[in-house]
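Enquirer: Each chain, letter by letter, is given below.
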Amino acid sequence: MLGTGLLQGLAVTARNLVGSFHDPKRFVTTQYPEERTKLPEAYRNFPFLVSESGDDPMGTLRCVACQICEKECPPQCIYIEKSKDKKPDANGKMQVYPAVFDIDTAVCMSCQICVEVCPFDAIKMDQVFEIAATDRFKGLMLDRNALAKPNDYYHRIHPTDAAEVDERLVSARKAAAAKAAPKPAAPAQTPAAPSAQAPKPAA
Amino acid sequence: MSLLATTDSSLLERAPLLLRDGLTGFLPGPARWAANGLIKIVALLAVFGLLFAFLTLVERKVLGRVQNRPGPNRTGWFGLLQPFADGIKMLTKEDIVPHAADPVLHFLAPVAVIAFSFLTFAVIPYGRLLLPVDMDASILFFFAASSATELSIFMAGWSSHNKYALFAAMRALAQLISYELPLLLSVVPVVLAAGALSTAGVVAAQSGWKWGFLPHWHVFTPWGAAAFAIFMVSSLAESNRSPFDLPEAESELIAGHLTEYSGFKYALFFMAEYFGMCALSGMAVTLFLGGWHAPLPQLEFVPSYVWFSVKLLALLSGFIWVRATMPRLRIDQLTRLAWKFLVPLAIINLGTAAFWSLSLPWAGPLQLLRWAVSLALVIVPFLLLGRRLSAGLGARVYRYA
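These protein sequence lines map, in sequence, to chains A and B. The opening residue of the first sequence carries number 94 in our numbering; numbering runs sequentially from there. The opening residue of the second sequence carries number 15 in our numbering; numbering runs sequentially from there.
None of these hints come from the bench; they were simulated from the model. Warning: the hint list may mix true and false statements.
[As the list claims (entries may be wrong)] Anything over 10 Å on all C-beta distances counts as not near chain A; from chain B, calculated: (1) Leu59; (2) Gly90; (3) Met340.
[Said to hold, decoys possible] Cut-off 25 Å, straight-line C-alpha distance, at most; resulting in silico cross-link-like pairs (SDA-like, lysine to any residue): (4) A:Lys118 / B:Arg83; (5) A:Lys131 / B:Asn82; (6) A:Lys118 / B:Trp335; (7) B:Lys354 / A:Gly96; (8) A:Lys118 / B:Gly85; (9) A:Lys131 / B:Glu73; (10) A:Lys118 / B:Thr339; (11) B:Lys354 / A:Phe139; (12) A:Lys118 / B:Val72; (13) A:Lys118 / B:Gly78; (14) A:Lys131 / B:Gly78; (15) A:Lys175 / B:Leu77; (16) A:Lys131 / B:Gly85; (17) B:Lys354 / A:Leu100; (18) B:Lys103 / A:Thr97; (19) A:Lys118 / B:Lys103; (20) B:Lys103 / A:Gly102; (21) A:Lys177 / A:Asp236; (22) B:Lys103 / A:Lys231; (23) A:Lys242 / B:Gly78; (24) B:Lys354 / A:Thr97; (25) A:Lys131 / B:Thr339; (26) A:Lys131 / B:Pro86; (27) A:Lys131 / B:Arg88; (28) A:Lys242 / B:Lys354; (29) A:Lys164 / B:Arg88; (30) B:Lys354 / A:Met94; (31) B:Lys354 / A:Leu99; (32) B:Lys354 / A:Pro126; (33) A:Lys118 / B:Lys354; (34) B:Lys103 / A:Thr227; (35) A:Lys131 / B:Arg83; (36) B:Lys354 / A:Gly102; (37) A:Lys118 / B:Val76; (38) A:Lys242 / A:Phe139; (39) A:Lys267 / B:Arg88; (40) A:Lys272 / B:Gly78.
Even glycine gets a Cβ: it sits at the ideal position worked out from N, Cα and C.
Input sequences plus hints: build the corresponding full structure.
Expert: Take a look at the structure:
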C-alpha cells in the first residue's frame, strides 16, 4: 500500500532518535578535545627518529646518516647532512651521525617508505596528528630535535613492532659481540658491516 | 484582539491582555489603538523570531540524534546559544550583490518574502482572546499572503542573474503552484463544514465534546483526517521543506534561489521558510486540530494559548521528523504526486465532506452507515489512486551500467 514505506522509514528514524539517548552502542560520537579514542596500533602519519634514551636524544640517535631514506623518499621531504666527526652508536661502534635531519611534513605523504628502507630501525612512523602550525613553512619543517623521540615512546605507540625491533637489535648485538671476540680485526675488513649487523627481513 | 471576550475566562487566560493594557492603558483612545497594534506586531515578531531561532537549534539537535550524533553542543549549555552565534555570524558576513544582478529586485526579494510570510501570522487565533486581526475572510487572506511568497522566491531567482538561481526559481514556481491547489482544496471542506471563512469561526465550530471526551475537531471526522493529511503534505511542499525542498537541491542547484545571497539576506530567506512552516502549522492547528481548544473538558483550566502552542510544536516536530527521514523527490515525481494523487483525492474529499454535512441529521443505525460511507469515500480512492500512482514503477534496472 502507498505510504507503508514512509511509515517504516519514520519508525527507523524514531528508533534512532530514542536509541541515541539510552543506547551507547548507537551513540558513538567521542567529544574530541575532552575525550580521546585510542588510536589503532597500525595508525601512522609522519616519521620520527628513534633515540635509545630520552635524556640524551641527540647523543643516542640510531640514525647514522646513511641517507637511504633521503634518496628513497618519493616526495623528497627528507634533508640530511652528515656530520664531519664520528660518535659511538648504540652498539659502541664509531659512526657518523646526522648533523642536520629535516622532514618537511607539509610535503610528506606518510608512505612509510623511509621506514621500510632504513637498515638501522632508526626512523619509524609517529601517531601525532595535532601538528597544526601557524607558519606553513617553518612550522611544518621538523628538525632533528623535534623528530627525535625515545625508544620508550616507540614502544608505547607501536608495541608489537617495537618488541620485534628490539629483539632483532639485541640478537644482532649478541652476534656482533660473538663475532668480535675471536677475531678482533674482522669489522675493519667489512665496510658493509652495518647492514650485516641488523639483518632485516624484506618487508 | 478579543473575539469571544467572555467574562468567565481565568486570570491566566487574560494575562496577555492585562499586560498589554498595563502598558498602554494610560494613552488616550486613538493613540492607544495604534500602540496596541504595535504591541501585537512586536509580540508576534519576538515570539516567532525566538521560535525560529530555537527551532533551528531543535532541528539540528533532532537531526543529529536521528543520525546518532549529538548535534551542536558547544555554544552555551546544550548548545542553547547556537542560534545567537549563528545570527551574529550572519550579521557580520559580507553582503555580496552580484555585478550582473538587478540590485533593486535582489534587495527587495528577501524583504518581500519575510513581509508576506509574516503577514500570515496576523489571522491565526493563538488563544481564546488572542487573535491579532479578526477578519471575515481571514482564511482567504492567509492563503493569499502565503502564496505571495512564491513571487518573492521567483524575484530572488530572476534578479540574481544566475542560472542555478533561475532554475530553482522555475522549479519553486512549478512546485508551489502545483501544491497550492491541493492545499486550498483541502481547506474548502473545513470552510464548508464550519460555515465560516474566518479562522475564529472555524475554531468556534470545533468547540465542545462528543460523549464528554471526543473533541469536535475536524481531524476526528473521515473527511477531516484526509484533508489534514493532504494539508500537511502540501504544506511541506509549500514551505520548501524536505522531501519537497527541490528549489534548494544542493546536489543539482548549488543553493537554488539562495545561491547569490549572503549574510543577513540569506538569513531572512531562511527565517521566511521557518515562518512559513510555523504559519502553515498554526493554520493546520486552527483548521483541523481544534485551534486553541483543550482536548478534554477537564483540561480547560490550562490557558488556551498553551494548548495552541503544544499543538503547534507537535506539528513542527512532525515537520522535523519528516525532514530527518525522507529523501528528496525528483521534480517529475513531485508534480506527479500533486496532480495525479493529491488533487483528485482533495476533490473527492470535498464530496465526502458534503456527504458528511448532509447526513448530519442521521441518527441511530444510520450513524454507522454515515461513518462507513465516509470512510469508504476516503480509503477506496486512496488505495486506487495509490496503486495507479506507483503502477509500473519498480526498482530501477540499469541495463547499460
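Enquirer: Now, for every hint given, state plainly whether the structure supports it.
Expert: So, going through the hints one by one against the coordinates:
1. Leu59: Holds: least Cβ distance 31 Å, greater than 10 Å.
2. Gly90: Non-interface label stands for B:Gly90: nearest chain A Cβ at 16 Å, farther than 10 Å.
3. Met340: B:Met340 not clear of chain A: closest Cβ-Cβ about 7 Å, inside 10 Å.
4. A:Lys118 / B:Arg83: 12 Å, holds
5. A:Lys131 / B:Asn82: It holds: about 21 Å lies between the C-alpha atoms, which stays within 25 Å.
6. A:Lys118 / B:Trp335: Roughly 22 Å separates the two Cα atoms, so the pair holds.
7. B:Lys354 / A:Gly96: 15 Å, holds
8. A:Lys118 / B:Gly85: Answer holds: A:Lys118 to B:Gly85 is near 17 Å, not above 25 Å.
9. A:Lys131 / B:Glu73: 32 Å, violated
10. A:Lys118 / B:Thr339: Within the cut-off at roughly 21 Å; holds.
11. B:Lys354 / A:Phe139: 60 Å, violated
12. A:Lys118 / B:Val72: OK: A:Lys118 and B:Val72 at ~23 Å, within 25 Å.
13. A:Lys118 / B:Gly78: Holds: A:Lys118 and B:Gly78 sit about 15 Å apart, inside 25 Å.
14. A:Lys131 / B:Gly78: Holds, because 24 Å separates the two Cα atoms, which is no more than 25 Å.
15. A:Lys175 / B:Leu77: 58 Å, violated
16. A:Lys131 / B:Gly85: Cα-Cα ~23 Å, so holds.
17. B:Lys354 / A:Leu100: The given pair, whose Cα atoms are some 21 Å apart, holds under the 25 Å limit.
18. B:Lys103 / A:Thr97: 42 Å, violated
19. A:Lys118 / B:Lys103: The given pair, whose Cα atoms are some 35 Å apart, is violated under the 25 Å limit.
20. B:Lys103 / A:Gly102: It is violated: about 35 Å lies between the C-alpha atoms, which goes past 25 Å.
21. A:Lys177 / A:Asp236: Holds, at about 18 Å.
22. B:Lys103 / A:Lys231: 32 Å, violated
23. A:Lys242 / B:Gly78: Cα-Cα ~41 Å, so violated.
24. B:Lys354 / A:Thr97: Holds: B:Lys354 and A:Thr97 sit about 19 Å apart, inside 25 Å.
25. A:Lys131 / B:Thr339: Violated, because 33 Å separates the two Cα atoms, which is more than 25 Å.
26. A:Lys131 / B:Pro86: 24 Å, holds
27. A:Lys131 / B:Arg88: 23 Å, holds
28. A:Lys242 / B:Lys354: The hint is violated at about 71 Å.
29. A:Lys164 / B:Arg88: Given pair A:Lys164, B:Arg88 is violated - Cα atoms ~47 Å apart, limit 25 Å.
30. B:Lys354 / A:Met94: 16 Å, holds
31. B:Lys354 / A:Leu99: Within the cut-off at roughly 19 Å; holds.
32. B:Lys354 / A:Pro126: The hint is violated at about 53 Å.
33. A:Lys118 / B:Lys354: The hint is violated at about 44 Å.
34. B:Lys103 / A:Thr227: 24 Å, holds
35. A:Lys131 / B:Arg83: Holds: A:Lys131 and B:Arg83 sit about 19 Å apart, inside 25 Å.
36. B:Lys354 / A:Gly102: Holds, at about 23 Å.
37. A:Lys118 / B:Val76: 18 Å, holds
38. A:Lys242 / A:Phe139: Measuring from Cα to Cα gives roughly 13 Å; hence the hint holds.
39. A:Lys267 / B:Arg88: 57 Å, violated
40. A:Lys272 / B:Gly78: 66 Å, violated
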